[in-house]
Structure formats: C-alpha cells, structure tokens
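A.B. asks: Next come the chains, spelled out residue by residue.
Protein chains: 2
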Amino acid sequence: MSFKEKIKGIGGNASYEAKARVLREQLEAKIPAGLKLPPAILEDPPLDITRIPETCGLLTVQELAITELDATAVCQKIAAGELTAVEAVTAFGKRAAIAHQLTACLMDFFLDEGIKQAQQLDEYFQKEGKVIGPLHGLPISVKSHYPLKGTVGCGGFLVNMEISTEDCDMTSILRSLGAVFYVKTNQPQSVMHLESKSSYGRVLNPHNTNLTAGGSSGGESALVAMKGSCMGVGTDGGGSIRCPSAHCGIYGIRPSSRTTPTHGNLWYQHGQDGVFASTGPMCRSGRDMRLFLEAVLGANPSLRDPDVLPIPLKVPHLTQKKLRVGIMMHDGVVMPHPPTIRALNLVKEKLEASSEVEVVDYIPYDHDRGYSLIRELYYEDGGATVRRLLEEGGEDMHPLTEWVISPPHVKNHDAAQVWKLRHQRDDYRREYSDHWWSQNVDVIVCPPFQGTASPHDTTKYWSYTAIWNLLDYPGAVFPTGLVADPTVDIYQESPRPMSAADEYNISLYDAAIFKGAPVSLQTVSRRFNDGLVLAAQDVIERILQS
Amino acid sequence: MSFKEKIKGIGGNASYEAKARVLREQLEAKIPAGLKLPPAILEDPPLDITRIPETCGLLTVQELAITELDATAVCQKIAAGELTAVEAVTAFGKRAAIAHQLTACLMDFFLDEGIKQAQQLDEYFQKEGKVIGPLHGLPISVKSHYPLKGTVGCGGFLVNMEISTEDCDMTSILRSLGAVFYVKTNQPQSVMHLESKSSYGRVLNPHNTNLTAGGSSGGESALVAMKGSCMGVGTDGGGSIRCPSAHCGIYGIRPSSRTTPTHGNLWYQHGQDGVFASTGPMCRSGRDMRLFLEAVLGANPSLRDPDVLPIPLKVPHLTQKKLRVGIMMHDGVVMPHPPTIRALNLVKEKLEASSEVEVVDYIPYDHDRGYSLIRELYYEDGGATVRRLLEEGGEDMHPLTEWVISPPHVKNHDAAQVWKLRHQRDDYRREYSDHWWSQNVDVIVCPPFQGTASPHDTTKYWSYTAIWNLLDYPGAVFPTGLVADPTVDIYQESPRPMSAADEYNISLYDAAIFKGAPVSLQTVSRRFNDGLVLAAQDVIERILQS
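Going line by line, the protein sequences match chains A and B. Just so we're aligned: 36 in the UniProt record's numbering is position 36 of the first sequence, and the numbers increase by one with no gaps anywhere. Just so we're aligned: 8 in the UniProt record's numbering is position 8 of the second sequence, and the numbers increase by one with no gaps anywhere.
Worth double-checking, as some hints may not be accurate.
Unchecked claim - Each pair of labels, with its calculated beta carbon distance range:
1. B:300 x A:439: 16 to 22 Å
2. A:303 x B:366: 51 to 57 Å
3. B:276 x A:57: 57 to 63 Å
4. A:163 x B:166: 56 to 62 Å
In short, the hints are calculated from the structure, not lab data. Note that the structure is predicted; figures quoted are calculated from it, not measured. From the three backbone atoms N, C-alpha and C, an ideal C-beta is built for every residue, glycine too.
Chain A on its own, in the form it takes in the complex (with noise of 0.2 Å):
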C-alpha cells in the first residue's frame, strides 16, 4: 500500500482530526526516545523558547557550538578538517528534534538517513581530501513539498502527500553538491497561507509562541530560528520565505522567479502560469544567502529544466557609486505596526547620517490594484481545484484557506478571462517599471509585512510580500535587530485607517501580544538584480549596526 493509499485510509472514514492525529503520531515516534524533552518543559513553556535547547540538556556543549555556526562557517569547517558532516548533521538533527517538540515546525524526521550520508561524505573527504562540493557536509532542512527521495512530501492537501520516490530538481542539485537532509519542515494546508497549520499541527514562533512562525515556509523558519537548522529551502509565489523569515528574525531571499530550480515540486495547480513561486533559502546570515545561491546557480539548473532562466547571480562591488536607497513606509494601503515604523525611522535615519548612501522617499504606486491582480491570478479556477482536493481526502477547510480563495478577489475565468487577467497584469507591470525609473533608486527598504508576526490566524494581508511576487522584483529580509517593545511601540495618536484592510491590521495591535516578536525589514530591487539585493542589504545592515 503507498503512502498515499495509506494516508486516505487512515481511520476509514474517520474525522479529519483522527486522520491528521495519526499523522502526527507517526511523526512523533520518528523521534528517539533520547530526544523527547521532559513533560515539565512541554507542558508550561515560557513565550520565548529559543533558550530551550541550551537549557533543556539535551544537547553537548559541543553540540551546542555547532548549531550556533551559520551555513558558510559549516562548510568551511568541515572542509578544513575541523568539523566531521556527521558532527554537524547530529547536532543540528538533534536540535531540530527538541524543536519540533515546541513548535511543530517539521513532517518528517529522519536524522538516521541524514548521518549515513554523511558518513558516506566524511569518507570521501578522508579519501580524497576534499570536499564533494560547495555545500559538502551541509546539513539542509528541506520544506515539505519539495520531494526527497524516501521521505513525507506534500503538495499542500492530505490527498496529495506521498512518500516521495525521487528527488525534485531542488534537492537532486543540492544532494550533488554535498548537502545531507535530516528534516521535512512543515507547511500549512494548500501551501497558501503566510501562517502553517497543516495536518502536522500549528508552527509556533519560538520568539513568541502566541504569534505565528509566518508562512508557508514557517517549518522551516521556525526550525531556522530555533538553530535546528542553519540553511533551509523555502519556496515563495508570495511571501512564503520573506514572512516567515521575517517573523523569526531570520535571513530570506525570494529570488527572480525562474532562476532557480522547482521542477518537480508537489503542486496542486500546474501549469497555473499566472505568477511563479520561487525558491530560495531560509537562513542565518546575509552570506549564507549568497553561498546557496551561487551554490545552485554554479549548478546550471537550466541544463535539465529548460523553464529556468541562464541569468547568473551577479553581486556587485558598491564601492563605485553611491547606493541610492528608497525608504517605503508604507504601501498607501495598510500602514504598519509601531514596531515596524520604529524600525524604518531608524533605517532611514542610520542612512541618513551615512556618506555612503543617499536617501529617498519611495513612493509606491498603486499597490492595491497590483495586490488585486495577484490574489485573482493564483485562483483562475474560483478556488475549484482546492474545493476538490479537500473533499477528496476528507480534510476540513482551514479558515485561512476559505479566506484566499473566497469572492471577490477569486474568481472563476473562461480563457478569454484568464487572457484579460494577464494582461491587466503585464500592463501593471510595465507601469510599475516606469515608475520605478522615475524613483530613481537602486533599492528600496521596505517592511516585509504590516507589521510583526501576527496572532494565530489572522493574516490576511499579503501585499507587503505578494506585490513583488506580481512584479518578480528580488526581495530578501534581514532582523533588525529590534524586537516589539510594549514599553515604546504604541500609538502616539489614534490612527486614521487608509483602508478596511488598514482597519482591520489596526485591530489586531495590542503592544503586549507582540512582545518579543523580532522586527525586520525587506530589500528589494528590479527584477533580476537579485545580486544587488544581495549586496545592498549588506550595506544597509552594516550602516544599520554601526
């Protein structure tokens, strides 16, 4: 029986919750009995779990040291001989065990497989004295529809999840290039939400339990964020690695759609071409970003997936010129929490005062039509496909699905329908390009989101994040290195709602329920210029930190 026929059989014609139980079960027995964290610890955790690992025992200091280490120190380590990839696999494997434990941040654990590769790769390298790749020894934490052969994948649905059969051209290229998998992460139901429940549970976010990891990729943000990873792969069709980042204070990148590999991706809608979901990674350093990136571009994923862009990843010296930085603050449609303007106004001043940089005010340019035609062009169908799908595996629909799909934004398109929709698309597009040269910027900093992570299942506002999908303008995040201050991020004056979306992100500010959330920024530039994305946040984050 495959895993699929397995999954739609669990309990007959059980309830969801008895089906998504097992699920969860399975899951928790992966996890080795030398793992599992004291009862007193899982029943009254602190908001802030990030201490936990260190505190709990469970870890050597050893251990404890390696999962400090970002993705670039891993790999220069293990290829100057003073790291093993098994030592780094186990460390991080069982960091993500006692993680997944507070957060529910993976669905599937398989730390036995990940230290047999890298036994295998330890070998080599003794052999042949040096490594197999650029990401030898890497562990990397992969989200869940991503397949890896032998593992839980899922396209977003109980229906679709499998017991994947080979490698996506994602995790093929990364196996080649050294990287060893221990973890699936965990991804919300349809993969559509910038939060993650799924069958697998609720991701926490470790700074604040309270608050949601952010989505899609909030396994993998969570697991990041908690240092049971320190290099994991998101996808983003709009904002599933930038929220999710930001919400945990951790580095992402969505990439110019196309230029890196998601071929073989579990997916409910192919060939829904409207917009592309990018992939890229989930991080904790400006400079694992680029080391993956030039990782897998260094792959030529175009040779085997002839739908992906040959643009290479230029990174420019910015010694040349002045960096011209556009500071947003606001889309003209939702204004962001205190916490996130608290942040913009100490960007935009740390700018300021810098020699280094000039400064402007971007002004956005009609973000609302543009995140309009974005929320219409992921369901062309109305939302059919997905009605169809839950039905199908007797899954009960998540409120936060019911929301993306639902009228008026959704609709159902004949062709000609779907041809106008484009269009509008392209048309907004073009003017977004002019407009853009009219700003006369090279980047701009924006927030990633309306603010910081949010509560429990109430995010229902993308365009921080979606805009740039629907343009495919590069953006990455960086931690400020603030966090929601209940002492100092509140209204100095009863704010004005711009919008019923602004009204209603306005309802959901209470300075106490974010407390601790970390407080990030989004740098984005042109389309392709995903190196210079690279490069000025670089800039942006040093000036910052200054």
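With chain A held as given, fit chain B onto it using these hints.
C.D. replies: Quick look at chain B alone, frame taken from chain A:
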C-alpha cells in the same frame, strides 16, 4: 475621424471586398506616378519577377547597385561617408514601390518621410563626423503590426487597423539606433497564417508567383527578396519569420522568446501567454541577423520592458571543439517534398565530408504531440475572439483563418483546462530537453517547412517551425542556393503517407508547380543558444558552399 473610424465606416454597409478595395486604392495612391510600372509589365508578368526591378528602367544604375547591398554593407558605407542615408532610403524605397506593384507586399508607403528622416541623419553625420548609432541610415521595413508613429498599423483584422500615434518598443529602439523607416509590410488576416493574404491583397512569391511568399511576415519576405529592403522586421509565433524567409530564399531568425522587444505590438489576444511570439530580423545575409540582434540587444530593451529577459547574445567562436550537427530529415509525421530532401541530403553529404563537424542523425521526439499542443495553445478560447473581431469589422473570414481556429485542435477552455494544457506543454518541454541531451548534438539542421513555398491557400501544417516555438528553441533559416527543379525533384517511388497530414502534403506535390522555388534549411539549438545558432549556421553554410 480616426483612421479606425474611417476604416469601419468605409462604404457604410459595403461588402468586405469593397472596403478592402478602398484600402488598396488608398495605398496605390501613395505611390508616385514616376514609380508606376508600365501596364505591359503588370498585365503579363513572368512567374519569376525578381529581375523586373533591374529591367523596368525605373531605377538608376547607382540605385540598383545600392539595393544589391546587405544591411551590414549599407551601414558600413554610410559610416565611411561613401553613401548617404538619403541615397540609401531613396534606392530601397523606389525598389519597394516596384516590388509592391508586383507582389502586394506593402500596407503603407511613406518614402517622403523616410527621406526627411534620412536628411536629418545625414546632417548629423556631416556635423558630428560620426554615426548616431549602429544602424545609422539603414532603411528598415516593418511588418504592419509593429506600431510606427504616423503609419498604418494592423493587428490582423480590419477592425483593429490604426494610424499609430506612437512607436512600439522595437521601432522606437530601431529609430534610436539610426534606422530609417519608409514602408510597412503586408501580413495575413489574423497574423496567423503561414501565407499572407489580407485586405491589402495576397502577397506573391517573387521567385514563382503561383506560390505564397509565406507568412505571416510574408510582406517582408517578398520585399526583401525583391531587394526593396535589405532589413525587415518580422514576428514569429509559429514560423512567421522562418517560413516566409525560407520560402523567399532569404535569412531570418526567430530568437528565443522575450529576449527581443515585443511591447506595444498590435495584437488581438493580449495576455494569451501560453506561447510567446518573438521578434527578429529578415534579411539577405547571415551577418545581418547578427548586426540586428547585437544592435537591438545592445540598447538594453529589458530596461524599458520588464517582460524582456536580459540574456545577452553570445556568439561563440567555433574553433575549439568539433561542432556536433544533427540532421533531422523529417519530423516523423510529414515527409518534406523532394526538393527539401535533396537539399538535406546535400548538406549531410557535405558536412560528413568535412573534418570540421561531426554529423549524427537526429531523431525527433513526438513532434505530433507537440504540434497538437501548440495549436490548442494559440486559441484557448476556441477562436471566439477571432470570430468577434471579424464580425465587428464586417470582414469575411479567410479559409486559413477558419482552419487555424477549427476543432478538434482548437476548443474553448475554462481556467482549469488552461492550466492543464499548459502543464502538458511544460511536461513536453521537459521531456524534449532530456531527449535533446540524449541526442548528443550542439545544433540540428532540419527542414523549415515540408517543402518549398506552397501554392496559395494550401498551407495547413506548421510543425517544422511551430514545434520550436513550443519548445522556445531559437531557429534560423538560410537559402541553400538550390531551387526546385522539376527535372530532378520527383518522387523516386510512390510515397507512403505517414499520417493524414502527410497524405495532404503528398497530394500538393507536382514538381512542375514548384519550379524555381528557393530551397532553404533551418538551424536550431536549445533555448537561449541563439548565438550558437548563428555561429553554427555560418559554418554549415560555408561547408555547403565549399
């Protein structure tokens, strides 16, 4: 009254034929009396009319000499001060007027404006002592659905004709590079026939007027073959540059889509993004294709159009390794007519005798499936838009328009069916990519069509070009120097049809009909290897002519 209103109003409730007659008379009236051919020539022209410009007495010896030049030579002579822009456009413009009277290749004629533009360029050159751009003074003919300010533009139907109020991206860029405009060329109803009959008449093949000049850029191919232009601009969504170029014995390349500018072109299904039409040159030498592409890409079209991919043209030096050339004799569905098979055998023999290349037999991969897919992709609305536009314009449907929107290939789709179709497209592309690598070739040489140019109104199989549109593989065509010869191009034995389409193609063959038709071949490589196509075709041609 706008031109659009005027067109719609011609003759009130007049028949389509009456409206079309008015358009043709308006165009005829633009040709000066001094450039009218004597009735004796027009009444009884020979089948091969390519020599008439030389013998009719309307062009001076110097003008005839200028029109023998290719575009590279024209640019070089102007840049060297050996030729003025006014002389160039005058010579080509006069010859274009003659060409039009014999082939119906134009939709607009405005030599006076071209001369004015040329005068300004000559003055610039005089004053500054340098050219304004790489195409300084080059007369370029433009297919009708490229808007060019102040001239007739046509999106394929009577109802979407216009006097354009601004340039599209391509003509704007060419203008900025120094090009001079003087004619717009004819194209078929719907811009989706591989022939060219419109309200402005039927374009004839200059080498044998019983045959089509090809389409949809058939006005260009006839004009360039008549030497009324040395550089034309066409579009190709299913063969519309390569087929007419092949039929008329000239050069043309369909670049990988979205690498050259298309924004602003007149079209009636904007947003239909299942396959993209490319824009490219039609000309009289291999080096002219390169001149055009290097000049246009050098203007960075992606900076104004966010849909253009910033992928540079890299023309490799093919000296370091042996070029692997696959010969595809047929596509497994329709066997080319004897003249084309003769040319393929000759190329194969010559290449095999050369030490410079390695020759292998290229096996096509399921072209029948691919061709069915692209036919379905062209009109995902089942042709409803086409029918509406014809009705709105009171325009009769041409039989080839009816054919192109006919079931079973064409049917109406809802959004989920559009996605499914595009997923099938993506699967085919991936499988084809794997297949390509299994064949171990750098480029292939294949027929550009299932024979030479066809008798009028018979062209119903596009797969020799359209398959590469579906795959987005760049393809160029070149004349072999052979022409159809009834004394040798006969079936050696009674052909056995491979398919219904083959049976139809065999039924069209009567050696006598095709007499004098140029025999051309096509060079194809993998997506984005446009520069390799150009470089390899140069090598292949050199070996063929040696």
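A.B. asks: Now, for every hint given, state plainly whether the structure supports it.
C.D. replies: A quick look at each hint next to the structure:
In this structure the hint that residue 300 (chain B) and residue 439 (chain A) lie 16 to 22 Å apart at CB holds, the actual value being about 19 Å. At roughly 21 Å, the beta-carbon separation of residue 303 (chain A) and residue 366 (chain B) lies outside the given 51 to 57 Å, and the hint is violated. Roughly 60 Å separates the CB atoms of residue 276 (chain B) and residue 57 (chain A), a value that falls within the hinted 57 to 63 Å. Checking the proposed 56 to 62 Å range against residue 163 (chain A) and residue 166 (chain B) shows it holds: the Cβ atoms sit about 58 Å from each other.
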